[in-house]
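K.L.:
Please model the entire structure based on the sequences and the hints provided.
Keeping their order, the protein sequence lines are chains A and B. So in the working numbering, the last one in the first sequence is 855, and the numbering has no gaps at all. So in the working numbering, the last one in the second sequence is 280, and the numbering has no gaps at all.
No lab work stands behind these hints, which were simulated from the structure alone. Any given hint might turn out to be false.
Dumping the calculated DSBU-like pairs for lysine-lysine here, alpha-carbon to alpha-carbon at most 35 angstroms [unchecked claim]: (1) A:K683 - A:K734; (2) A:K734 - A:K693; (3) A:K853 - B:K20; (4) A:K683 - B:K20; (5) A:K683 - A:K853; (6) A:K693 - A:K683.
As the structure is a computational prediction, the values presented were derived from the model and not from experiment.
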Amino acid sequence: MIPTVGGGAPGIEILDLTKWYGHQVAVDHLNLTVERGEIFGFLGPNGAGKTTTMRMLLGLVRPTSGNARILGLDIASDLPAVLRRTGAIIETPTFYPYLSGRDNLRAMARLTRTPYGRVSEMLELVDLASAASKRFRTYSLGMKQRLAVGAALLHRPDLLILDEPANGLDPAGIVAMRDLMRRLKEAGHTVLISSHVLHEVEQICDRIAIMTRGRIVVQGRVADLLGNDDMLEVRVERIADAEQILRVVPWISSLVREGDCLVVGAPEGRATEITRILAENGLYVSGVRPRELSLEHYFLDIVKDN
Amino acid sequence: MTALLSFEWLKLEKWWMPRAVVALISALTLGASCVLGANVVERGDLLLPRGWLAALSFSSIFAPFFWPLLGASWAGNEYGWGTIRSILSRRPNRLEHALGALAVLLAAVALGILAVLVAGTIAGVLIALVSGNAILTAGVWSPTFVSTVLAGFVTAWFVSAFYLVVSYAAATLTRSAAVGVGVGLGGTLAQYIVRSILFGLGGHWRDIAGYFPIVYANSVITRVVGPQLIPGTALATSRAYEPSVGQSIEALAIYGAICIAITLVAVRVRDVTA
Numbered sequence: 550m551i552p553t554v555g556g557g558a559p560g561i562e563i564l565d566l567t568k569w570y571g572h573q574v575a576v577d578h579l580n581l582t583v584e585r586g587e588i589f590g591f592l593g594p595n596g597a598g599k600t601t602t603m604r605m606l607l608g609l610v611r612p613t614s615g616n617a618r619i620l621g622l623d624i625a626s627d628l629p630a631v632l633r634r635t636g637a638i639i640e641t642p643t644f645y646p647y648l649s650g651r652d653n654l655r656a657m658a659r660l661t662r663t664p665y666g667r668v669s670e671m672l673e674l675v676d677l678a679s680a681a682s683k684r685f686r687t688y689s690l691g692m693k694q695r696l697a698v699g700a701a702l703l704h705r706p707d708l709l710i711l712d713e714p715a716n717g718l719d720p721a722g723i724v725a726m727r728d729l730m731r732r733l734k735e736a737g738h739t740v741l742i743s744s745h746v747l748h749e750v751e752q753i754c755d756r757i758a759i760m761t762r763g764r765i766v767v768q769g770r771v772a773d774l775l776g777n778d779d780m781l782e783v784r785v786e787r788i789a790d791a792e793q794i795l796r797v798v799p800w801i802s803s804l805v806r807e808g809d810c811l812v813v814g815a816p817e818g819r820a821t822e823i824t825r826i827l828a829e830n831g832l833y834v835s836g837v838r839p840r841e842l843s844l845e846h847y848f849l850d851i852v853k854d855n
Numbered sequence: 007m008t009a010l011l012s013f014e015w016l017k018l019e020k021w022w023m024p025r026a027v028v029a030l031i032s033a034l035t036l037g038a039s040c041v042l043g044a045n046v047v048e049r050g051d052l053l054l055p056r057g058w059l060a061a062l063s064f065s066s067i068f069a070p071f072f073w074p075l076l077g078a079s080w081a082g083n084e085y086g087w088g089t090i091r092s093i094l095s096r097r098p099n100r101l102e103h104a105l106g107a108l109a110v111l112l113a114a115v116a117l118g119i120l121a122v123l124v125a126g127t128i129a130g131v132l133i134a135l136v137s138g139n140a141i142l143t144a145g146v147w148s149p150t151f152v153s154t155v156l157a158g159f160v161t162a163w164f165v166s167a168f169y170l171v172v173s174y175a176a177a178t179l180t181r182s183a184a185v186g187v188g189v190g191l192g193g194t195l196a197q198y199i200v201r202s203i204l205f206g207l208g209g210h211w212r213d214i215a216g217y218f219p220i221v222y223a224n225s226v227i228t229r230v231v232g233p234q235l236i237p238g239t240a241l242a243t244s245r246a247y248e249p250s251v252g253q254s255i256e257a258l259a260i261y262g263a264i265c266i267a268i269t270l271v272a273v274r275v276r277d278v279t280a
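P.N.:
Encoded structure:
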């Protein structure tokens, strides 16, 4: 059972956050707001600065300049209060290899003054009750990841910072993780999630930001980012003839052949006109639909451009 | 702080290494007591109740070879396993964490020395039975003897704690259990070698050799328990040039405080990138 969380200040406000390691900038004047109750995807290639940003939010790494507020609390001055309300997984799950899953959660419960009863609840939630007595070192990567999720939720945080939570999970584990994220969202939790499993991000995140070289290059609602490119996929026989006909239409901004269809640069409202033009030239369209960019394509385009 | 201590204790009681270290020191104390007890001249020091003082001496002698293993592993593994970020992303007070971990380790050292006393007791009984002596030597008990046992216990703890602190600091500073163990064990070995060389050179080199931490750590337990042992025996004999109890305690406290101070500064200011 995941308790409901109240509203208030934004979940996360990052204000001009910067981190230099020697002469190399890892995070460069980052500004970002994650609203309360949303699932926010934090994307970027390896080395983009995502993990460093998350570490700064958790007080593990000190910013060179800038600041951040979590649930309205300043991370520089109110870090203990911030962490009492935040659960996190940073990179790989880290636990004591000689302790069992249950003892690891008990240790974390002692650290956060959480009643032991919550340990069993979490083990059930992440489906590790039957393996709770096994030592952590014997766990598979998926089990370790699930234990990390249980540990992150143990002290009933309002906000979760999850760095690659799906790493090592099998397909069933990924589906379970997606389901858990949705339940967390329904209960009003705020989640900042970094992941390379873009298909999952696309399905569970309200908004995303893509970061490269320490800077955010694009951010917004997933639907807006993927749906604004005014492309139509046109399926037609004699595709070479169709391409020749459409190439001279002035309002078509681009024309690319992809496999057995043409990708036409035109808004959805022009679909009828395209069909008519082709029909007048004896070409009959078997299908027209707005092109739905996958987040994966979008991400790769953005990263390539930057 | 109690939450942190409770957390550290749970980890400690479930880990094999503290038990292994205590078992090894206890076994070596038992063995050394039995070997020394075979010698008629030395036997009197191994029979109870003097056997407790002998056990405390042995615990100090073996301390530099075992407690660094625990101190360095405890601190270094937090970085090696990455668990330091699990801790500090829940309880961000880094000084509290470093001191809490150290406090629990020092409590473990005290328990370890109690176990060594038990080993000394077993050895004393065995030696008495084998040699046909009384299990408790008559005429030894006195308020001075009891206070010497207590002072010996504190001294043995202090010396063991010193070695543990040095390796804990080294492992924390380098974020590595292996380096901590290396510094803890290798440092002691290096001191023995360099000290011998300087001592042999004489003059002011010999004076410098007198300030090495091992000089203070080695001599202090003999200075404390020696007066209650049988004069002339190996465990009772101090050399005139060795530092006094006060000098040794002060010196070890200063060296230990420097290690702790450097550790606290490092954990406070640096980023957790483990």
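K.L.:
Given the hint that K683 (chain A) pairs with K20 (chain B), test it: the Cα-Cα distance must not exceed 35 angstroms.
P.N.:
13 angstroms, holds
K.L.:
For the pair supplied as a hint, K734 (chain A) and K693 (chain A), is the alpha-carbon distance within the 35 angstroms limit?
P.N.:
23 angstroms, holds
K.L.:
Take a quick look at whether K853 (chain A) and K20 (chain B) sit within 35 angstroms of each other, Cα to Cα.
P.N.:
50 angstroms, violated
K.L.:
Is K683 (chain A) within 35 angstroms of K734 (chain A), Cα to Cα?
P.N.:
This hinted pair holds, its Cα atoms lying about 31 angstroms apart.
K.L.:
Given the hint that K683 (chain A) pairs with K853 (chain A), test it: the Cα-Cα distance must not exceed 35 angstroms.
P.N.:
Violated. K683 (chain A) to K853 (chain A) sits at ~44 angstroms, over the 35 angstroms cutoff.
K.L.:
Going straight from one Cα to the other, do K693 (chain A) and K683 (chain A) come out at no more than 35 angstroms?
P.N.:
12 angstroms, holds
Of the numbered hints given earlier, the model fails hints 3 and 5; all others are met.
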